[in-house]
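**Q** Residue-level listing of the chains:
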Amino acid sequence: MSVLERGSTIGGSSVRWSKGIWVKVFHILVFLIVGFCALFPLFWMVVSSFKAHADIVAMPMRFFPTKWITDNYAKLLSGGAFSRSLLLTTGLGALFVIGTLIVNSMAGYAFARLEFPLKKVLWPMVLITMFIPGISILITSFIVVVRLGMLNTIWVLILPGLASGGHIFFIRQFYLNFPLSLEEASMIDGCTRFQTYFRVFLPSSLPVFVIVGVSAFLGYWGSYLWPVMTISKQSLYQIMQLMQFFRSERNLRDGVILAGAVITSIPPVVLFAIFQRYIVEGIKISGLK
Amino acid sequence: MGSISSALANALPRMKLTKKQSDGLTGLLMVLPACLLTLVFVIVPVVVTFYLSFFDWSFYHESQPVGLENYRKIVFDPWFWNSIWVGVKFTFWNMTISTLLAFIVALAMRGMSGRSAGVTKTLVYLPTIISGIIVSYIFVFMYNYRGGILNTVIGFFGVKPQAWLINPRTAMFSIVFPSIWLAVGYKALVLLAGINDIPAQYYEAASLDGANSLQKLMYITLPCLKNVFFYLIVTGIVAAMQMFDLSRFITNGGPQGLTTMPVLYIYNRFTSDLFLGPSMAGALILAAVLGSFSWTIFRIVSSEKNTYD
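Line by line, the protein sequences are chains U and P.
Here this note's numbering is used: position 146 in the first sequence is 146, and no number is missing along the way.
Start counting at 1 in the second sequence, then tack on 289, and there's your number in this note's numbering.
In short, the hints are calculated from the structure, not lab data.
Please read all numbers here as calculations on a predicted model, not as lab measurements.
One should not assume that every hint holds.
Among chain U residues calculated to face chain P with C-beta under 8 angstroms, some are [said to hold, decoys possible]: (1) E115; (2) G166; (3) L236; (4) M240; (5) I283.
Far from chain P, some chain U residues (derived; all Cβ distances over 10 angstroms) [unchecked claim]: (6) T70; (7) R84; (8) T90; (9) L95; (10) V97; (11) I154; (12) P160; (13) V200; (14) S205; (15) A261.
Subject to a maximum C-alpha distance of 25 angstroms in a straight line, what follows is the list of computed SDA-like cross-link-like pairs (lysine to any residue) [to be verified]: (16) K119(U) x L306(P); (17) K449(P) x A54(U); (18) K24(U) x G35(U); (19) K308(P) x A185(U); (20) K515(P) x G499(P); (21) K233(U) x R84(U); (22) K120(U) x V329(P); (23) K119(U) x L317(P); (24) K233(U) x L92(U); (25) K308(P) x K233(U); (26) K308(P) x P322(P); (27) K233(U) x N557(P); (28) K309(P) x L180(U); (29) K120(U) x R588(P); (30) K362(P) x W374(P); (31) K309(P) x K233(U).
Glycine is no exception: its CB is placed at the ideal position from the N, C-alpha and C atoms.
With the rest of the complex left out, here is chain U:
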């Protein structure tokens, strides 16, 4: 609360719409309404995950449990399938992010800074993927991975989504704005082009890498359709696939599903909490190009 008031004072006094106290009150009100709308469903999910089944279906509903219990979590984690899938999805998600950053930033650098043969053919090819809706290749991508013998391997989860026209375009735009002198200086020092990329461009890429990396992880984490089409081995189930499996095949009770929803929301929220400044400020460049 003190943070909010201090911040609002600054906001109220420094800006041209300033009308003193009313501006301050208005901003606190905006903050509270927005905060309530954004947080309520999540808060409700967390509280309900500690309810016994009788509390969950009580009518009229009870917002807070009559007794806080952790049975839902115990049930969810028993057997180990959930925690195994959680670890696997986190690990593969991390691998996916690293791969995404390497593949797309190398391409972004080359398209931004180098002249090479076939560039006039390859750039439109990469760019056009931004305009091909996933739905049009859903079935044939499946046929392709079947033919490549990739079903039920980790490769089918990682490789198809790795190269992204949107990410390459975004990173290229970022690199285009790097001063030429920076590159020339490193070339004079005897660096090759690749070393220049590695030593000069990569270390300065954090802002753009955070945005690309987090969006790649969130995409991977939330994916359901692709894993459910390509993975049938239960030991490779991705977390969203497992959640839906628990819900529809095993018929686990609402409380257990809510406990699962809470746990699977933690990684995205933690990631967002760490990088929120970059992401929220990055909206400007990514949104308006």
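Position chain P against the provided structure of chain U, taking the given hints into account.
**A** The following block gives chain P in isolation, referenced to the frame of chain U:
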């Protein structure tokens, strides 16, 4: 990959390549992984989809060319048009409400600065990061007949509990509502960035001329945000038309297909139909429309800033 290309690049001067040739080789090697993956997992599938849409293709037998039969089938399938119509309705409600709300939030947030602005932005954006399937679960429990918050709230006003998800009159609303919760944050922050880019002098000049707040909104803010709105609406339409999670996990397309979005329709055919030709033809028709949509906006936005080679 990296070490190979740097080793090669290191060896190049000794091989007496010109700088241009060495740049060319490094460049090719650096785009190689991305281009190869794009080729295998995007370009090939698109070409194959197009090709197979003229065959009675299935996983289980030899396929025969059937000409335009698949296109005929899909165009005469009322469920295909139903899914398009559902998609259009969903997109309409999602876009109008979420864009309007986002604009109101952005307007309310302008003038905030320092930490309060940072915290509010973070809160506004938070729903965007929650996975669609998890959002579906949360809202399904909110709509629950017993113990759901919605039925409790309307209970206060003496209305009887509703089965929101299977009632034809409320099913669409039940997937639109969470989609708005998911979509407002990003739109609001993009609009806010747009609003903050408008030069303050415009407003000062207008104030000197005695313009009131509404006039400033109508004659300065809205016109200046024209391109931002355009960008948000076109990208929003393309994304909303392809929404899958909410219609699959909240209503599973029901009741009677009233919430079966196009992607769910294609997915259902994929899992139930032996012959995939018609689904591919349908997917292509949809993709052609959506793809040209986003291509147009890209050309317009980038031609102004000259970002496209």
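**Q** Need the list of violated hint numbers for this structure, in ascending order.
**A** Structure breaks hints 2, 3, 12, 15, 25 and 31.
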